[in-house]
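Below, each chain spelled out in residue letters.
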Amino acid sequence: MSEQPELKLVDFPPAVLARISPELSLQRHLAIGLRPNLRTFEEFKTVQINDGGLSRYSSTNSNNESDVLGSSILRSGNTTVICTIRGGIIEEDILGENNNEDADAVNAIFAKDKESIINQENLIDSAPIYPIVEIERGRNGPPTDEEMNLSQKLYETFLHSKILSKSSLKVKVGLKSKNDKNEIEILYNDENSEFQLGPKRSWNYILYCKFKIFSRSGPLFDLIWISLISALKQTKLPYAYIDENAADIKIPIKMTGNFGTIREQYAITCDDEKFNNLILNNEEIGYSSNFGVISLDKNVSNNNEEDEKKMEIDINDENNDSILLVDLEGEEEEISCKNLINVVVDSKGENLKSLTLTGNIDKSSLQKAIDLSKKRSKFLINQEI
Amino acid sequence: MSIQADTSILNRVDGSATLKSGETEIIVSVSGPIEAKPRQELPTTSALDIIIRPDIGISTTREKLLEDKLRQVLTPVIIGILYPRQLIQITIQVLQSGEDKEYTSKELSTIINATYLALIDSNIGLKVSFAAESFAISTDDEIITAPSRSQLKSSKSSHIVSYEISNGKATKLLFSDSIGTFSENQIYQILDLAATKVEETHQIFRKTIQDKIEKDFIWQL
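Line by line, the protein sequences give chains A and B. For what it's worth, UniProt numbering labels the leading residue of the first sequence as 1, then goes sequentially. For what it's worth, UniProt numbering labels the leading residue of the second sequence as 1, then goes sequentially.
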């Protein structure tokens, strides 16, 4: 007699099921009103943040040789984000009209509406930061797509949010010189307003920020945004001066064939001790939140009701099967949630700074998400992180 | 705004399209389904390889982010299950971006529309039609559809919205990206306005596709 083939039910422990069938695992969790990470649907992950003590101006840092101008260390769950801000000085491009006395006359004829166009530009005064994002995965190599996308998104959102003005990055250059008594002293603009140096030249700071992320467990933009804002709030810009002796200036020599060179070179040195706080446009600063919208699979929830004790599910809408999950975390949620919302708000929560919707988002979910992210942003601002 | 579209312009790829919409001009080629590298292969669906080349210079992270956004639009609409373990390669050349490099909304909306035409030209299976439109909000809170370069520059915020279209009606939201300063109500207005605008755009594309089919086949009565 041939034996009847017997199909055995295979039981998987939750961790294995989450790996091999993330969607089913998530649906089973949602059916009993829980998420795999044991948070409720609208519960944000807590965020702890402190000044990383990596900055040269940090009170807890003994290393005054550090070139870091601001830093922050953020912990959220298992994830750690380290943000360091460094700076550089670049010479500003000077428009011809500042150099040329005839420029006004020329512009009046050839570029009549030039002035009006420039003033209308929305981003004319917004300064960018230049981010590098590194997600540590235990291997070296070129940056991954996620890292590049994150840094670009951060760059664009920061620039368009107008958090940093170009004027707050201006370098007021001082001059290191010998005074009458043959003592070396450094003159700064703010102490001696009459002191003027090369009015036709000006310099700007540019800010680089580098993120190192350990134990990634979900979408990272929110965390990176928080750590960037926190680091920028602590960032100090050093005073900078030109050393009179180190300045290399060649005086133009005019020869008969109009042959000559002008070469000016200023070695700008940063002051060891004196610094200014970086001024941010606080009213533009808000925080970022992400959401996933997922529809409940009725079959999964029905099966569960039969063999498990019915737990209370906190879904209020009877006719709406879609659930808004806040602050996605873990493989299951990231794989299963195809519909995503990312919101960045401003400080008062009146306006939005950035909104990305992926997939079919219905209006009620969107309203709820915007509402929640405004509350979350207010909470974070009040926390003064 | 003027839209000029043409398909089957390249003869060494499976599908191609060019689209000029206002100041922005894009050319798209689609090769696929072709053999995927082992690294790219996905067991149950087709892999998407998207390459965007800018009008000036070499591609940077700006184009990478655009590629990622385009992938988010295309992944749900291409019937990947028809081409398991195969690759669909989409190459996009921006001929004229029509906007400053700080902005991407005009480029992205034109890229999405041009890719739609190129995918149709290449006979890749699509679940549903789709179209996109770009918007800007001016400093006096006026919503501008398909802004010009200077309007975009002076605007408070820029937006791009893409909808799925079936039977000529915009049904589901596919992708939306907004950046700048804008209110919650404005975003709802834009989402509603976008639904009607993409339907209009889709009507133009239907004509383009009709022309293409008339060209491609020999019809007999």
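No lab work stands behind these hints, which were simulated from the structure alone. Glycine residues also receive a C-beta, built at the ideal position from the N, C-alpha and C atoms. Do not take every clue at face value.
Said to hold, decoys possible - Distance ranges between label pairs, derived from CB positions:
| id | chain 1 | residue 1 | chain 2 | residue 2 | range |
| --- | --- | --- | --- | --- | --- |
| 1 | B | ASP141 | A | ARG19 | 45 to 51 angstroms |
| 2 | B | LEU126 | A | SER322 | 22 to 28 angstroms |
| 3 | B | ARG71 | A | ASP125 | 44 to 50 angstroms |
| 4 | B | THR45 | A | ASP362 | 24 to 30 angstroms |
| 5 | B | SER183 | A | ASP362 | 38 to 44 angstroms |
| 6 | B | GLN151 | A | ILE109 | 44 to 50 angstroms |
| 7 | A | PRO5 | B | GLU35 | 35 to 41 angstroms |
| 8 | A | ILE279 | B | LYS169 | 47 to 53 angstroms |
| 9 | B | LYS207 | A | GLU334 | 36 to 42 angstroms |
| 10 | B | LYS127 | A | LYS8 | 35 to 41 angstroms |
| 11 | B | ASP141 | A | GLU283 | 17 to 23 angstroms |
| 12 | A | GLN367 | B | ILE3 | 46 to 52 angstroms |
| 13 | B | SER148 | A | LYS166 | 24 to 30 angstroms |
### Task
Confirm or reject the claim that ASP141 of chain B and ARG19 of chain A have a C-beta distance inside 45 to 51 angstroms.
With a Cβ separation near 50 angstroms, ASP141 of chain B and ARG19 of chain A satisfy 45 to 51 angstroms, so the hint holds.
### Task
Note whether the CB distance of ILE279 of chain A and LYS169 of chain B lies within 47 to 53 angstroms or breaks it.
holds (50 angstroms)
### Message
Does the beta carbon distance between LEU126 of chain B and SER322 of chain A stay inside 22 to 28 angstroms, or does it fall outside?
### Response
Check passed, 25 angstroms falls within 22 to 28 angstroms.
### Query
Range hint 24 to 30 angstroms: satisfied by the CB atoms of SER148 of chain B and LYS166 of chain A?
Check passed, 25 angstroms falls within 24 to 30 angstroms.
### Query
Quick one: are GLN367 of chain A and ILE3 of chain B within 46 to 52 angstroms, going by C-beta?
Violated, since GLN367 of chain A and ILE3 of chain B (Cβ atoms, about 33 angstroms apart) do not stay within the stated range.
### Query
So the hint says 38 to 44 angstroms: do the beta-carbon atoms of SER183 of chain B and ASP362 of chain A match that?
violated (20 angstroms)
### Query
Does 36 to 42 angstroms hold as the CB distance between LYS207 of chain B and GLU334 of chain A, or does it fail?
Given about 41 angstroms between the Cβ atoms, the range holds.
### Task
May I ask you to test the hint 44 to 50 angstroms on the CB atoms belonging to ARG71 of chain B and ASP125 of chain A?
Violated: the Cβ-Cβ distance is about 34 angstroms, outside 44 to 50 angstroms.
### Task
With respect to the beta-carbon atoms only, verify the hint that GLN151 of chain B and ILE109 of chain A lie 44 to 50 angstroms apart.
For ILE109 of chain A against GLN151 of chain B, whose Cβ atoms are near 26 angstroms apart, the range 44 to 50 angstroms is violated.
### Message
Range first: 35 to 41 angstroms. Now tell me if the beta carbons of LYS127 of chain B and LYS8 of chain A are that far apart.
### Response
holds (38 angstroms)
### Query
Does the Cβ pair ASP141 of chain B, GLU283 of chain A satisfy 17 to 23 angstroms?
Given range 17 to 23 angstroms: holds, Cβ gap about 18 angstroms.
### Message
Given the hint of 24 to 30 angstroms, is the C-beta distance from THR45 of chain B to ASP362 of chain A inside that range or not?
### Response
26 angstroms Cβ-Cβ, so the 24 to 30 angstroms window holds.
Checked against the numbered hints given earlier, the structure breaks hints 3, 5, 6, 12 and satisfies all the rest.
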